[in-house]
Amino acid sequence: MKAEDICEFVLKICKNEGASDSVVTVAEIEETMIRFSNNEITVANTLKDASAYIFAVDRERKAGIGVADLSKKTLLTSARRAVASARRAPPGNVYAPLPKGPFQYDQTALDQPKLEMGQRELVGWVESAIDAGLREGAQRMAGSLVARNSRVILRTTGDVIASARSSSIEISVRAFLSSLASGHSTAIAASERDFKPEEVGAEAGRFAKASANPMDGEPGKYEAVLGPLVFADLACQVGRSASAFNVDMGLSFLGGKIDQKIASDKFGLADDATLRGSYGAFPFDAEGMPTRRTAIIENGTLRSYLHNSSTAKKFGTESTANAGLMIPHPFNLVVEAGDKTLEDLIGSVDKGVYVTNDWYLRYQNYATGDFSVIPRDAMFFIKNGQVEKSIRELRISDNMLRILSNVSALTRERKWVKWWEVEVPTLSPSVLVDNINFTKSSM
Amino acid sequence: MIIDTASKNCAEYSEARYQSDTYESILLKNGTPEITTFDVRRGIAIRALVDGGLGFGATNILTKRDLKTLLSRVLRLAKASSRIVKTPISMGQAEIGRGTVEVKTRIAFDAVSTESRLDLLKEADSAGVESAEAIGVKLPGRYISLDTLVTEKLVMTSDGARVHSTIPKVTVDAFLTAFEPQKGTVQRMFSLGESSGWESVEKWNLPERIKKEARILANILTSANPMKGERLDVVLGPEVVGIISHESSGHPGEADRVLGREAAQAGETYLSRDSIGMKVGSDVVNVVEDPTIPRSFGYYLYDDEGVKARRRYLIKQGRINEFLHNRETAHVFGVSSNASSRSVAYNREPIVRMANTFVEPGDHKLEELLEGIENGIYVKNFMEWNIDDRRFNQKYVGLEAYRIEKGRLKGLLRNPIIEITTPGLWSAVDAVGRDIEFSAASCGKGDPMQGIPVWTGGPHIRLRNVAIGGIS
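If you read the protein sequences in the order shown, they are chains S and B. Residue numbering for the first sequence follows my numbering, starting at 1 and increasing by one per position. Residue numbering for the second sequence follows my numbering, starting at 1 and increasing by one per position.
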């Protein structure tokens with residue numbers, strides 16, 4: 001059966017079985033990943049999958065079934081099981097009917113051009129990134145390149161019929177001058193036209209070279225310039241914490257703070273799945289609502305959580321079209337740009353630290369935002385407005401809300417970031433933050 | 001069919017793996033059920049070596065035509081990759097297995113309805129809330145999730161492995177937030193997990209466990225005292241020893257990290273190819289990695305390359321003893337694979353992973369460890385932790401922690417911080433307990449990310465003269 005027919009067939013079964021609401025999603029994906037290290041390809045991965053997800057509701061009772069075998073027989077059994085499981089499930093405390101369609105979607109976002117993904121071309125992109133880093137002085141290069149074509153077909157009992165074809169390509173590159181001197185850079189794009197792997201390799205190589213002969217940093221409180229990879233990680237934490245589901249569960253430092261000033265005037269963050277041509281753009285959410293731009297933080301004030309229909313009802317508001325059927329999530333985070341250059345930020349620091357990447361962020365308390373994270377790759381000590389030396393072995397041990405409140409300047413130039421450590425595509429500038437606490441291991 | 005066709009098309013090595021994972025997941029959020037989810041993920045993975053280049057492919061579309069197309073793409077990718085492979089990849093020698101592994105359950109998951117599962121979580125949740133309220137503390141943000149999983153795998157390789165396994169797993173993850181208006185909040189996360197049937201859940205006695213956790217959390221919130229930074233003797237509980245074993249011995253001992261294969265994602269290691277025999281800890285430190293422990297969360301008897309599993313000593317008497325290898329890294333090091341190749345799903349490449357990592361028990365009772373301390377702290381569990389990507393600088397922040405005075409436990413302490421280097425940590429250990437406990441965890445590694453089930457554990461251990469940080 002074609003994906004559209006699968007959706008129609010399953011939806012009909014769910015209705016016949018007595019579901020008050022149901023959603024059927026079919027996802028088809030083709031993906032190739034090339035991983036490399038020590039300037040060589042270590043493995044080339046290819047994936048082709050098609051799967052369905054059936055979500056059935058019987059008033060406050062909900063069940064979902066993932067289906068890998070898309071035969072008619074399995075789909076029939078799974079649809080019946082989903083409805084029966086929902087009927088037997090104990091009730092949740094909120095029931096919100098699915099959004100009522102049909103909806104109009106951004107036509108340009110529904111059918112993006114397919115990537116060709118020829119092996120030679122993908123390998124060629126990897127070679128160009130490796131060569132660019134080596135030309136900048138790196139000794140060895142590692143990373144991964146992923147090219148993906150996917151199609152999502154969605155039907156709901158809210159009369160939603162939606163289908164979107166999207167493509168994406170991403171590269172993450174780490175360059176080493178030695179085991180203690182390294183640089184990292186990433187790029188993501190929705191089309192080959194916007195994809196520049198050699199620039200990524202070159203930037204990682206330049207950071208690696210600049211970080212040669214690092215000295216141990218000294219713990220203390222410093223002004224810090226956080227590069228786009230670092231600030232994207234923090235912004236991504238804000239995006240995750242803005243999910244109303246996480247707020248409700250205590251996994252957020254934004255709980256109870258709507259319309260409160262929680263950050264510096266200079267900090268703004270939005271989720272915007274409507275940004276044409278960007279990696280994380282997508283025309284509809286998991287309930288079929290047309291996606292939109294939602295301001296999460298404006299001029300330092302928390303404006304909105306991210307909602308699906310259920311969390312919106314619980315919080316007495318409207319969905320922001322960020323469904324996840326269970327957990328609302330950001331699609332495409334955008335940090336508002338500033339008016340400075342990176343040189344302006346570094347030049348304004350008397351004594352501070354420039355951090356280009358970070359890794360392994362963990363919380364002591366999600367509700368207060370107490371956390372630590374480890375600067376990784378190139379890190380520099382700044383003295384009298386100049387980068388003085390390469391440093392390492394420090395950790396940022398601070399509080400998320402304090403850092404947001406201490407944002408003092410941002411660059412005009414921004415970079416899209418998504419990699420192992422930053423799960424949601426995030427457009428981030430470099431950011432100057434006052435008074436960040438850096439700690440260090442003893443012994 | 002896949003292996004034969006790959007061999008006919010010049011593959012030096014090929015491997016096919018069918019894997020099916022059948023899940024049932026329930027989540028109770030603040031006492032209310034969320035969506036009950038059933039999921040079957042199943043498909044076939046193929047790996048092939050051509051001219052020293054390695055290709056991996058997977059699909060859940062299991063028609064002959066699609067599998068042939070997949071194989072042909074894997075072979076082409078491997079060939080194309082070999083263009084920029086200077087050192088051809090090869091699969092080293094290993095004890096290749098043929099056989100069947102089946103973990104028998106006493107109570108099958110099918111015998112326990114979703115309603116009964118949710119009733120149990122509700123009982124546990126209520127017990128926690130009542131326990132905290134008895135001390136005047138609310139638990140406003142919390143969840144308990146319960147997942148059952150049955151994994152069936154068939155692994156075949158071109159050099160003769162053929163292993164069929166069926167392994168059930170069950171896991172509970174809990175998160176509690178204790179709140180009191182004058183004191184603020186403290187939070188606790190923990191996980192239980194075993195490779196067995198429902199009998200493990202019965203053994204865990206979740207209502208009692210959550211009740212106890214909630215009571216202790218409420219006590220931490222209301223009565224734990226902040227501490228100043230100072231050098232102290234420290235006793236670490238099994239939960240902390242487990243995470244240390246995993247992060248500060250297991251990860252640095254993964255041979256693919258040593259070779260730089262994970263450099264851009266999970267990172268590298270402070271160890272090098274020459275580090276076998278290197279002194280990193282005191283003589284009493286022995287860290288073990290063992291997939292073969294019955295009921296363990298990381299249990300397997302053959303890895304995903306069909307190699308027979310065995311117990312490995314990562315650190316023996318304070319010295320690096322052995323790395324974790326798959327067949328690819330073993331070939332580079334000129335050793336035999338020690339069966340560390342694991343994949344979390346059909347659509348993920350098998351890579352070097354831990355299974356169950358722990359400090360081997362010694363001969364001290366907990367009371368004996370405490371008796372030897374004039375002024376110190378006991379850190380029973382933790383919340384925040386991280387370690388750099390060379391696995392050299394780590395931070396563990398205690399949650400349930402006590403002052404030790406003259407060998408006796410005194411009041412609760414708030415968030416003692418251990419921020420220390422790996423050799424500094426292992427070298428400070430002077431005594432090891434005789435008890436042992438394990439925690440379940442999902443270990444993240446690889447690209448795409450593979451969160452794989454592991455146990456971390458150990459006995460209580462004692463460290464001397466460690467710099468402890470505090471938050472006042």
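One or more of the hints may lead you astray.
To be verified - Reference excerpt, derived from the structure (chain B facing chain S, CB under 7 Å, subset only):
#, residue
1, LYS29
2, ILE61
3, SER116
4, LEU118
5, TRP204
6, GLY444
7, ASP447
As the list claims (entries may be wrong) - Calculated cross-link-like contacts (lysine-lysine; reagent style BS3-like; alpha-carbon spacing at most 25 Å):
#, chain 1, residue 1, chain 2, residue 2
8, S, LYS2, B, LYS406
9, B, LYS406, S, LYS114
10, B, LYS380, B, LYS406
If you're looking for bench data, these hints aren't it; they were derived computationally from the structure. Since this is a predicted model, take the numbers as computed values, not measurements. Using N, Cα and C, we set each Cβ at its ideal position, and we do this for glycine too.
So, going through the hints one by one against the coordinates:
Interface restraint check: LYS29(B) against chain S, minimum CB-CB distance 6 Å, threshold 7 Å, status holds. At its closest, the beta carbon of ILE61(B) sits 6 Å from a beta carbon of chain S; the interface hint therefore holds under the 7 Å criterion. Using the Cβ-Cβ criterion of 7 Å, the hint placing SER116(B) at the interface with chain S is not satisfied: the shortest such distance is roughly 11 Å. Because the beta carbon of LEU118(B) sits about 5 Å from the nearest beta carbon in chain S, less than 7 Å, this interface hint is met.
For TRP204(B), the interface hint is violated, the least distance from its beta-carbon to any beta-carbon of chain S being 21 Å, above 7 Å. Interface hint status for GLY444(B): violated, as the beta-carbon distance to the closest one in chain S is roughly 9 Å, over 7 Å. Satisfaction of the interface hint for ASP447(B) is found here, the shortest Cβ-Cβ separation to chain S being roughly 5 Å, below the 7 Å cut-off. Proposed proximity of LYS2(S) and LYS406(B) is contradicted: the alpha carbons are some 74 Å apart, above 25 Å.
Restraint check for LYS406(B) and LYS114(S): the C-alpha separation of about 71 Å exceeds 25 Å, so the hint is violated. Between LYS380(B) and LYS406(B) the alpha-carbon distance is near 18 Å, which keeps this suggested pair within the 25 Å criterion.
The structure fails to meet hints 3, 5, 6, 8 and 9 from the earlier list, while all remaining hints are met.
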